[in-house]
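Participant: As a plain string of letters, each chain reads:
Protein chains: 4
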Amino acid sequence: LNIMSNVRKRKGLLELLVEGPVVGDGSMCMTLEKRGYCRAGPWTPEAVLLYPDAVKQLLREYMRAGADVLQTPCYASSDGRLKRGNINYTVRHKFHTSEINEAACKIAHEVALEGNALVCGGITPVLSYLHKKGDLVIRAEFTDQLEIFIQRRDTVDFILAEFFGHVEELEICIDVMKRSKMPIACTMRIGPLGDLNGVSVKECAVRMARTGADLIGLNCMFDLNTTLKTIKRMKKALDDEGLETPLMCQPLGFMCPEVENSLYGYARLSEDPFALEPRQVTRFEVHAFARAAYDLGVRYIGGCCGMEPHHIRAIAQELSAERGRNPPVQDMCPPCEWLKKSNITTTQKKTNLEFWMNLKPGCGRPFNPSCNK
Amino acid sequence: LNIMSNVRKRKGLLELLVEGPVVGDGSMCMTLEKRGYCRAGPWTPEAVLLYPDAVKQLLREYMRAGADVLQTPCYASSDGRLKRGNINYTVRHKFHTSEINEAACKIAHEVALEGNALVCGGITPVLSYLHKKGDLVIRAEFTDQLEIFIQRRDTVDFILAEFFGHVEELEICIDVMKRSKMPIACTMRIGPLGDLNGVSVKECAVRMARTGADLIGLNCMFDLNTTLKTIKRMKKALDDEGLETPLMCQPLGFMCPEVENSLYGYARLSEDPFALEPRQVTRFEVHAFARAAYDLGVRYIGGCCGMEPHHIRAIAQELSAERGRNPPVQDMCPPCEWLKKSNITTTQKKTNLEFWMNLKPGCGRPFNPSCNK
Amino acid sequence: LNIMSNVRKRKGLLELLVEGPVVGDGSMCMTLEKRGYCRAGPWTPEAVLLYPDAVKQLLREYMRAGADVLQTPCYASSDGRLKRGNINYTVRHKFHTSEINEAACKIAHEVALEGNALVCGGITPVLSYLHKKGDLVIRAEFTDQLEIFIQRRDTVDFILAEFFGHVEELEICIDVMKRSKMPIACTMRIGPLGDLNGVSVKECAVRMARTGADLIGLNCMFDLNTTLKTIKRMKKALDDEGLETPLMCQPLGFMCPEVENSLYGYARLSEDPFALEPRQVTRFEVHAFARAAYDLGVRYIGGCCGMEPHHIRAIAQELSAERGRNPPVQDMCPPCEWLKKSNITTTQKKTNLEFWMNLKPGCGRPFNPSCNK
Amino acid sequence: LNIMSNVRKRKGLLELLVEGPVVGDGSMCMTLEKRGYCRAGPWTPEAVLLYPDAVKQLLREYMRAGADVLQTPCYASSDGRLKRGNINYTVRHKFHTSEINEAACKIAHEVALEGNALVCGGITPVLSYLHKKGDLVIRAEFTDQLEIFIQRRDTVDFILAEFFGHVEELEICIDVMKRSKMPIACTMRIGPLGDLNGVSVKECAVRMARTGADLIGLNCMFDLNTTLKTIKRMKKALDDEGLETPLMCQPLGFMCPEVENSLYGYARLSEDPFALEPRQVTRFEVHAFARAAYDLGVRYIGGCCGMEPHHIRAIAQELSAERGRNPPVQDMCPPCEWLKKSNITTTQKKTNLEFWMNLKPGCGRPFNPSCNK
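Residue numbers (UniProt numbering), protein chains in the order written: chain A, 1 to 373; chain B, 1 to 373; chain C, 1 to 373; chain D, 1 to 373.
Hints may be right or wrong, so weigh each one.
Treat identical chains as interchangeable: a pair holds within one or across any two.
Only pairs whose alpha carbons sit at most 20 Å apart, straight line, appear in this in silico SDA-like list of lysine to any residue [as the list claims (entries may be wrong)]: (1) Lys360 - Arg268; (2) Lys373 - Leu353; (3) Lys133 - Glu171; (4) Lys373 - Ser98; (5) Lys373 - Leu359; (6) Lys229 - Asn261; (7) Lys373 - Glu258; (8) Lys178 - Pro52; (9) Lys11 - Arg207; (10) Lys181 - Leu296; (11) Lys232 - Ser98.
These are calculated hints, taken from the structure and not from any lab test. On a predicted model such as this, the values are computed, not experimentally measured, just so you know.
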């Protein structure tokens, strides 16, 4: 922890966004499931309580990879989801949103102190909206999630309403979040078909901006290419309306063109959640994505399910000139001396980023299809 | 740490092998590179010294996934490779084999104490063999590596000569290792074409068994399917000669049928080492592999590059009946309640292991080939 | 030539459409190019004059496969295309539209006499529309093409305006065709993006129907799946407007999902026109297509480039119940006795159409991508 | 029919082979099945009797594509196969080998007269060998087939024992054929595993040469790449023994790497015989094959199942310099003026053979695997 990082933190999210593109963190639940610390599906809260060291280790890796922001790892932590949902938590009957969120704040803050990171408090959609419980109940569920971030505002730099499928619900959520007086970001989990109520991408973008949020965008459910298409439509909608809210995106780390025109994205794949390996993006696919997203005007780029530390590093390296800094572990990436010293010509070529950017990696499974449903 | 585990450890490798199939650990360098703790290529030693906590975390994940054995993470730690090789270590001029191996012993032992694991001391091929420096120099390099394992025999349960490309070099190494009076395992990195001197698979198998090693087999460089082919030939060669040495294998975690008939395996792929994601095996491909390997008579099954904790878990789960126990984190795998409770029929099917075993996962990249060279 | 076929012919196109689905013929130029009788690209006219026997043979094969209709093989026969276009005809300076069309009429009529087929006179879009030469010039070019069909009305059963990229040009053409008092069919070469002037699929459909044509639809440029999507939109547009014009389609015989959202369809593929083999449809893909098109309400189904005699046979066999008759050569298709008598179980399965309909054929090229641009 | 062609014919097969590489013809049964003139499986004899004009047309196309030789289209015409086999011939009980072979001679001769082609009389393996009926019965069956070629020696230039799976049977056949005093060629249908009795490729090659045949080689069942591998081993075996018999090959026209190590080649594919389209070779794959085969020393190159007229043309064009002549229809291939005149840059590139040779064509089916079994 040095003075530089204190200076950076004091600036906060909005100042950082002015300086250059901000890098977010990556996959939590999917990665922790592989490491043996939570179950597939619904999601990180149990790991936060049961295995805080393993969660901290993963956040630390993202920060070392160049993430400027660490999210509190509490996705799906709303009492509605914890208690009445189709979710089998070990902790279901023992813990409440506030306990989980407090543990998550502590984890993210302690790792952030080791480096330069901001902490972002995450707010989750609520089942009471889906079940049409009425405005009061919905707002109460959001307030429950928000409360601890307000209490811990010394350690939480901004708040993010994340993974919303209905823009109407997001509008209610942001209205509740404004109480906090903290900077507000928000993302929807939509693709080209728009939101789950049939609201178009363009209308979603405009309504998101008009909530007054400081940063709006997309997260999970669709792959890098589809996310770029949707972001492009959002950007055009904002431009057409003269709206200037900066854009963010944290896409899925698995290629899945076949579900581009589905409302539920990769949840519709046969491979989800246990056989997605062949679809996982390479760091070079992320390099290309980060460049394209930046060129479209996106100013906050991170990852969601399947985007692991080396993918986040690729974002930070691709945008190092624009950001004026390299990620801490950049030296572990190509070009590396070992490849240069090889006697084999093809290996020497591999020190060149261009080689990797032009490569179309194979999956080594000629008996498998490229796409599935 | 309970009495049971002490009982288990007192039994040692040979007793464990009698009880049922033993599960090894998985990928070190490749996984630590993604996490940001070592460079691609050559290999873990620097992480052992610079980031011991990150290395311990990965070993811990393997143990929780069901690994009975933790290797000392010191592959490529021979003074020849550290000082004169084509390797760019930060630590090149500061550390010696003995220091690295001591740190590796400490790391593996401390994690092993948290559970039931044995510790295996790893011995690496030496450049002096490749450069024909003569028997004395070669033996001295092996002795250097071995020394610390003998000194730390209270914490090291057996020793493994690993990743040998020449059976002749392996014979010398095992001769040196016998000094230790510890159980000895050894693996070669060969495929169907045999060793790098052109010695056939069958001859390699017989010569490996005739060294008197307690456990012999294959590790990295070739994928699950190719490894099974090669193991089958080894088994037949041993049977033909009436040799009964038990077999082990720790294959590559990436599919690469196109290099089956290459001496250098996946090192000949364009995608190696930075764009291998689409080739990474799924846990179900590992389930099938573990069953097939066991049916061929293999009694020690682990993983090498690309085989991560969830893959090791798949080995332990597949062989749970034969082993008489489940891995500690087995409950995080399918079938899981969350999938069962879904309203979506296709999701309900996913609670069935058969669904996953029959699935041919796609890579989501229709513009890429299946195979490359 | 028997009484039955005379009875059938006297009924004409409109009566046939009432009886059940009509089967069209298939690929001319692309198939004749492979056989060595015309050049790739633009198109059959030279073969009609230079190799009439080879052209007759191909038409005969379509008729034997079940085609109810043989088109006069004169696509691209307009003086504008023959003389001023970017087309290199051997015959460019020697022959006129009227000579080519007369030869084409003779060829189609003579083959039709061998069986039950109707003859359809084909009209081609004109360069004078593309070059904005004005209404009079455009109409004169259509009149040139039409003239011979009117003179030979004893041998031509109806006329087809085919392969139009602009609905506006098609409207002019049909206005000219009405002079003939013959039944009129028309097709556009459009995909989901609509016509080359940006007119939507729905508007094209409605405008085509409002010309008063007796049969409207789609031909070439897009594959079976994309054609079904576009036809579905056309059908909905007609239903919404209360229009009941029957639909036809003669799709491309090559799979090309990657150009679905291009105006020019398969002409944008790298593989066009000389390396399309791996994309060629199987007869079973045509079986499925014919059933789906019929279920969408299509009542005239044939093929364009790449749809060869065995594909046309698949249409006639799939719809044999609805048509009340089998194609003449139906016995050469599965199930066949030879496969049944095999000792091999997998071969016996092949007598079952279900086996083939469920099979996903491989291309045998693991080093190639599935898609290209 | 001009003087040149008479001069050529007088030279005969052996003289032609001295002048340069000879081009054979292509697929009969598979292509006639698609055109509607015979059933899949066993094979052309019924078409020869029932549809001679359609058979002549296909032979004519091969001759126009550059074939120097037309085979009598009588594969499977042995009384054993016709009467007692698992074959359902319409003609089974009406016609004998001699009648079929006489019709086949007439067809091939009449087409050959239109151009420069030699006629090759084809001899088929016999069921009596498979059923171990004894030497006398086997020889009698071969004699039956041979008789008509001897009687019609004015129109038959040489004889070919084709598609033998057992080298032992081939030796008997050639011994019978020697009676004819005509030049003798022979091919086996073997891949890398050798013949159906387990005789290795190398032994097959040497035994074939030692029969005294004038031309020996491979035909159908394996694809272009596998055929090259097997031919290479044959060539080496001949060289090692100092044998100089020239080599021929007429490979399968479908890619099927997955059956390379099967005795029965593409007959083991799910797609055989009705869904092979995606596997069909492109003319450019044939260009590359023809060059590679020539470079390996092959001096007679044609095609078997799936090799259609445009593929044969590719052989003749690729070897036009070595042969000192172009095929008659060469002008219908690239480069062609139409492509050059296009305004589209990518289309202009297509006038360059290099573009096509470097292209890896896609199959347009991302939901299908590359390989199947």
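Participant: Take the hints in turn and mark each one as holding or not.
Facilitator: Quick rundown of the hints versus the structure:
1. Lys360 - Arg268: between (25 Å within a copy, 15 Å between copies)
2. Lys373 - Leu353: between (33 Å within a copy, 18 Å between copies)
3. Lys133 - Glu171: Answer is within: at 16 Å inside a copy they meet the 20 Å cutoff, but 56 Å across does not.
4. Lys373 - Ser98: neither (38 Å within a copy, 53 Å between copies)
5. Lys373 - Leu359: For Lys373 and Leu359, only the inter-copy Cα distance (11 Å) is at most 20 Å; the intra-copy one is 26 Å.
6. Lys229 - Asn261: The answer is both: 12 Å in one copy and 14 Å across copies each meet 20 Å.
7. Lys373 - Glu258: Both, since 7 Å and 17 Å are each at most 20 Å.
8. Lys178 - Pro52: neither (30 Å within a copy, 44 Å between copies)
9. Lys11 - Arg207: neither (28 Å within a copy, 61 Å between copies)
10. Lys181 - Leu296: neither (29 Å within a copy, 57 Å between copies)
11. Lys232 - Ser98: Neither way: Lys232 and Ser98 sit 37 Å apart in one copy and 52 Å across, limit 20 Å.
Going down the numbered hints, you'll see the structure goes against 4, 8, 9, 10, 11, while the others check out.
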